[in-house]
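Engineer: Each chain, written out:
2 protein chains.
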Amino acid sequence: MAGKELWQWTTEKLLTEAASSAPTPGGGSVSAFVGALAASMVSMVANLTLGKEKYKEVEPQVQGILAEAEAALSGLKNGLSQDIDEFSNFMAVLKLPKNSEEEKAARAQKMQGALVSATDTPLGIAENCFQVLKLAQALAPIGNKGAISDVGVAAYLAESALKAAMFSVDINLPQIKDGDYQAKVKAERARLFGEAAKICAATVAVVESRL
Amino acid sequence: MAGKELWQWTTEKLLTEAASSAPTPGGGSVSAFVGALAASMVSMVANLTLGKEKYKEVEPQVQGILAEAEAALSGLKNGLSQDIDEFSNFMAVLKLPKNSEEEKAARAQKMQGALVSATDTPLGIAENCFQVLKLAQALAPIGNKGAISDVGVAAYLAESALKAAMFSVDINLPQIKDGDYQAKVKAERARLFGEAAKICAATVAVVESRL
Chain A
1 MAGKELWQWT TEKLLTEAAS SAPTPGGGSV SAFVGALAAS MVSMVANLTL GKEKYKEVEP
61 QVQGILAEAE AALSGLKNGL SQDIDEFSNF MAVLKLPKNS EEEKAARAQK MQGALVSATD
121 TPLGIAENCF QVLKLAQALA PIGNKGAISD VGVAAYLAES ALKAAMFSVD INLPQIKDGD
181 YQAKVKAERA RLFGEAAKIC AATVAVVESR L
Chain B
1 MAGKELWQWT TEKLLTEAAS SAPTPGGGSV SAFVGALAAS MVSMVANLTL GKEKYKEVEP
61 QVQGILAEAE AALSGLKNGL SQDIDEFSNF MAVLKLPKNS EEEKAARAQK MQGALVSATD
121 TPLGIAENCF QVLKLAQALA PIGNKGAISD VGVAAYLAES ALKAAMFSVD INLPQIKDGD
181 YQAKVKAERA RLFGEAAKIC AATVAVVESR L
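Chains as they are written, first to last, in full-length UniProt numbering: chain A, 1 to 211; chain B, 1 to 211.
Some hints could be false.
Unchecked claim - Capping the alpha-carbon separation at 25 Å, the derived lysine to any residue pairs in SDA-like fashion look like this:
{"id": "1", "chain 1": "B", "residue 1": "Lys-186", "chain 2": "B", "residue 2": "Ile-171"}
{"id": "2", "chain 1": "B", "residue 1": "Lys-13", "chain 2": "A", "residue 2": "Arg-189"}
{"id": "3", "chain 1": "A", "residue 1": "Lys-56", "chain 2": "B", "residue 2": "Ser-21"}
{"id": "4", "chain 1": "A", "residue 1": "Lys-145", "chain 2": "B", "residue 2": "Leu-173"}
{"id": "5", "chain 1": "B", "residue 1": "Lys-145", "chain 2": "A", "residue 2": "Gln-175"}
{"id": "6", "chain 1": "B", "residue 1": "Lys-145", "chain 2": "B", "residue 2": "Tyr-55"}
{"id": "7", "chain 1": "B", "residue 1": "Lys-177", "chain 2": "A", "residue 2": "Ala-147"}
{"id": "8", "chain 1": "B", "residue 1": "Lys-145", "chain 2": "B", "residue 2": "Pro-23"}
{"id": "9", "chain 1": "A", "residue 1": "Lys-54", "chain 2": "B", "residue 2": "Thr-24"}
{"id": "10", "chain 1": "B", "residue 1": "Lys-110", "chain 2": "A", "residue 2": "Leu-211"}
{"id": "11", "chain 1": "B", "residue 1": "Lys-110", "chain 2": "A", "residue 2": "Ala-147"}
{"id": "12", "chain 1": "B", "residue 1": "Lys-54", "chain 2": "A", "residue 2": "Ala-147"}
{"id": "13", "chain 1": "A", "residue 1": "Lys-184", "chain 2": "A", "residue 2": "Pro-141"}
{"id": "14", "chain 1": "B", "residue 1": "Lys-95", "chain 2": "B", "residue 2": "Ser-20"}
{"id": "15", "chain 1": "B", "residue 1": "Lys-4", "chain 2": "A", "residue 2": "Ser-20"}
{"id": "16", "chain 1": "A", "residue 1": "Lys-198", "chain 2": "B", "residue 2": "Phe-193"}
{"id": "17", "chain 1": "A", "residue 1": "Lys-104", "chain 2": "A", "residue 2": "Met-91"}
{"id": "18", "chain 1": "A", "residue 1": "Lys-4", "chain 2": "B", "residue 2": "Gln-8"}
{"id": "19", "chain 1": "B", "residue 1": "Lys-145", "chain 2": "A", "residue 2": "Ala-22"}
{"id": "20", "chain 1": "B", "residue 1": "Lys-134", "chain 2": "A", "residue 2": "Ser-21"}
{"id": "21", "chain 1": "B", "residue 1": "Lys-13", "chain 2": "B", "residue 2": "Pro-23"}
{"id": "22", "chain 1": "B", "residue 1": "Lys-184", "chain 2": "A", "residue 2": "Glu-68"}
{"id": "23", "chain 1": "A", "residue 1": "Lys-110", "chain 2": "A", "residue 2": "Ala-183"}
{"id": "24", "chain 1": "B", "residue 1": "Lys-186", "chain 2": "A", "residue 2": "Lys-54"}
{"id": "25", "chain 1": "A", "residue 1": "Lys-13", "chain 2": "B", "residue 2": "Thr-16"}
{"id": "26", "chain 1": "A", "residue 1": "Lys-13", "chain 2": "B", "residue 2": "Thr-10"}
{"id": "27", "chain 1": "A", "residue 1": "Lys-134", "chain 2": "A", "residue 2": "Gly-124"}
{"id": "28", "chain 1": "A", "residue 1": "Lys-13", "chain 2": "B", "residue 2": "Glu-127"}
{"id": "29", "chain 1": "A", "residue 1": "Lys-186", "chain 2": "B", "residue 2": "Ala-201"}
{"id": "30", "chain 1": "B", "residue 1": "Lys-198", "chain 2": "B", "residue 2": "Glu-208"}
{"id": "31", "chain 1": "A", "residue 1": "Lys-145", "chain 2": "B", "residue 2": "Ile-171"}
{"id": "32", "chain 1": "B", "residue 1": "Lys-98", "chain 2": "B", "residue 2": "Ser-81"}
{"id": "33", "chain 1": "B", "residue 1": "Lys-186", "chain 2": "A", "residue 2": "Leu-211"}
Don't read these hints as lab results, they were simulated from the structure.
Produce the complete structure using the sequences and hints provided.
Structural biologist: The following block contains the structure:
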């Protein structure tokens, strides 16, 4: 399947296909979808804050948060489609001939490219989830109090989607031979895990103080 | 809208509606959907384990896990539909007349009933997420190694969906006058939060040891 097809499935079909033994959608795609739901919760609370007399003073900030949440949502949707396409891409490389030394070398090189791409995609999903977390943190103290719990929902879901997407990084990274790339991704992974836990806890604490 | 309608939406529409200022789907429904995705990941790994010579010995346990994951998925789908219906129910009670003392008393009584129902529903969603977590824990040491990371995805997502669903409990519970009910729900909330964190960490550790 092409990744874009998933957006025309019913919600019921998404669950059925995810539960089946079909290879896609797998954990990376599901993580991107959860990140997208988290981005939607940030947008919803921003939309419920804008245009209200009581929240007039924070309108410019909330407009900014809404625009960034929409960009993160778009990035996560693209990441999901891409995650599914990576699978077909990988399968195609696996089927390349390896009869001669030249064919083997060409296949190995394409395999390294496919692995980097299959690492960059979930890393991008995790980075977009991190962005959603930061938006939830910015919205928590100023968003509409009547819907503030949904900012907490966004924070919990974005943090877990970030960690879940990183499993796809952990699987592919050890097979990549470029040491500089490995080191760079490992550092980014550690940074995102550490920061995300702090931002999630701080955001939930603000939300709870406003329930 | 009736809760069941959501299952015929496209995945794209789910995100658009969640992001809009429409009151449903809100955080409770979104949490149920994430719990359902986690249940689907458990089912997928179970399906990829069954029928494989290498995993023949664990087949009876995995069959049991698959059946329970399907039951949890079904429970979460019902919980989502119910969460949306609770909202219409609540709005209907708010519109009841309060012209006389009798009308006021009748309205207050119906309101208490609606609040209990709007607390039981997300609590049930959280309990189903907890069940998914326990199934992920059971599958982590015996599921197909080639797909084991998706058990970790299930664990992260189920734990966060549990915590996210509990916000709906936290909002409604303080308005319920029945002290026994309040105490019972608070105890269950504390138990689920504590146990879920432990089970999630233990499951992720097993998954990481098998990557």
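Engineer: Now tell me, hint by hint, if it's right for this structure.
Structural biologist: Each hint tested on the structure:
Among the hinted pairs, B:Lys-186 with B:Ile-171 is consistent with the structure: their alpha-carbon atoms are about 12 Å apart, no more than 25 Å. Between B:Lys-13 and A:Arg-189, the direct Cα distance comes to roughly 32 Å. Violation of the 25 Å bound is thereby established for this hinted pair. Using a Cα cut-off of 25 Å, the hinted pair A:Lys-56 and B:Ser-21 holds, with the two alpha carbons roughly 17 Å apart. Of the pairs offered as hints, the one joining A:Lys-145 and B:Leu-173 holds, with about 17 Å between alpha carbons and a cut-off of 25 Å not exceeded.
A hinted pair counts as satisfied when its Cα atoms are at most 25 Å apart, and B:Lys-145 with A:Gln-175 qualifies at roughly 17 Å. For a cut-off of 25 Å, the pair hint linking B:Lys-145 to B:Tyr-55 stands: about 10 Å separates their Cα positions. A C-alpha spacing of about 23 Å is found between B:Lys-177 and A:Ala-147, which places the hinted pair at or below 25 Å, so the restraint holds. Of the pairs offered as hints, the one joining B:Lys-145 and B:Pro-23 is violated, with about 42 Å between alpha carbons and a cut-off of 25 Å exceeded.
With a CA separation close to 22 Å, the supplied pair A:Lys-54 and B:Thr-24 stays within the 25 Å bound. Among the hinted pairs, B:Lys-110 with A:Leu-211 is consistent with the structure: their alpha-carbon atoms are about 23 Å apart, no more than 25 Å. For a cut-off of 25 Å, the pair hint linking B:Lys-110 to A:Ala-147 stands: about 23 Å separates their Cα positions. Restraint check: the Cα-Cα separation between B:Lys-54 and A:Ala-147 comes to about 50 Å, which exceeds 25 Å; the hinted pair is violated.
For the hint pairing A:Lys-184 with A:Pro-141, the CA-to-CA distance comes to about 34 Å; that exceeds 25 Å, so the pair is violated. A threshold of 25 Å between alpha carbons decides the hint, and for B:Lys-95 with B:Ser-20 the separation of about 24 Å falls inside it, so the pair holds. For the proposed pair B:Lys-4 and A:Ser-20, the alpha carbon gap of about 22 Å is at most 25 Å, so the pair holds. Restraint check for A:Lys-198 and B:Phe-193: satisfied, since their Cα atoms lie roughly 18 Å apart, inside the 25 Å limit.
The hinted pair formed by A:Lys-104 and A:Met-91 meets the criterion: a straight-line CA distance of about 16 Å does not exceed 25 Å. Simply put, A:Lys-4 and B:Gln-8 have alpha-carbon atoms about 18 Å apart, close enough for the 25 Å limit, and the pair holds. Only pairs whose Cα atoms come within 25 Å are accepted, and B:Lys-145 paired with A:Ala-22 is accepted, the gap being roughly 16 Å. The hinted pair formed by B:Lys-134 and A:Ser-21 meets the criterion: a straight-line CA distance of about 21 Å does not exceed 25 Å.
Pair hint B:Lys-13 plus B:Pro-23 holds up; C-alpha atoms about 15 Å apart against a cutoff of 25 Å. For the proposed pair B:Lys-184 and A:Glu-68, the alpha carbon gap of about 41 Å is over 25 Å, so the pair is violated. Restraint check for A:Lys-110 and A:Ala-183: satisfied, since their Cα atoms lie roughly 21 Å apart, inside the 25 Å limit. At most 25 Å may separate the alpha-carbon atoms for a hinted pair to count; B:Lys-186 and A:Lys-54 exceed this at roughly 33 Å.
A distance of roughly 18 Å separates the Cα atoms of A:Lys-13 and B:Thr-16; the hinted pair therefore holds under the 25 Å criterion. For a cut-off of 25 Å, the pair hint linking A:Lys-13 to B:Thr-10 stands: about 9 Å separates their Cα positions. Straight-line distance between C-alpha atoms of A:Lys-134 and A:Gly-124 comes to about 15 Å, which keeps the hinted pair within the 25 Å bound. For the given pair, A:Lys-13 sits about 24 Å from B:Glu-127 by alpha-carbon distance, which is consistent with the 25 Å threshold.
About 21 Å separates the Cα atoms of A:Lys-186 and B:Ala-201, which keeps this hinted pair within 25 Å; it holds. The suggested pairing of B:Lys-198 with B:Glu-208 holds, with an alpha-carbon distance near 16 Å, which does not exceed 25 Å. Under the criterion of a C-alpha separation no larger than 25 Å, the hint pairing A:Lys-145 with B:Ile-171 is consistent with the structure, at around 12 Å. At roughly 30 Å between alpha-carbon atoms, B:Lys-98 and B:Ser-81 are farther apart than 25 Å, so this suggested pair is violated.
Distance restraint check for B:Lys-186 and A:Leu-211: the Cα-Cα separation of roughly 16 Å lies within the 25 Å cut-off, and the hinted pair is therefore satisfied.
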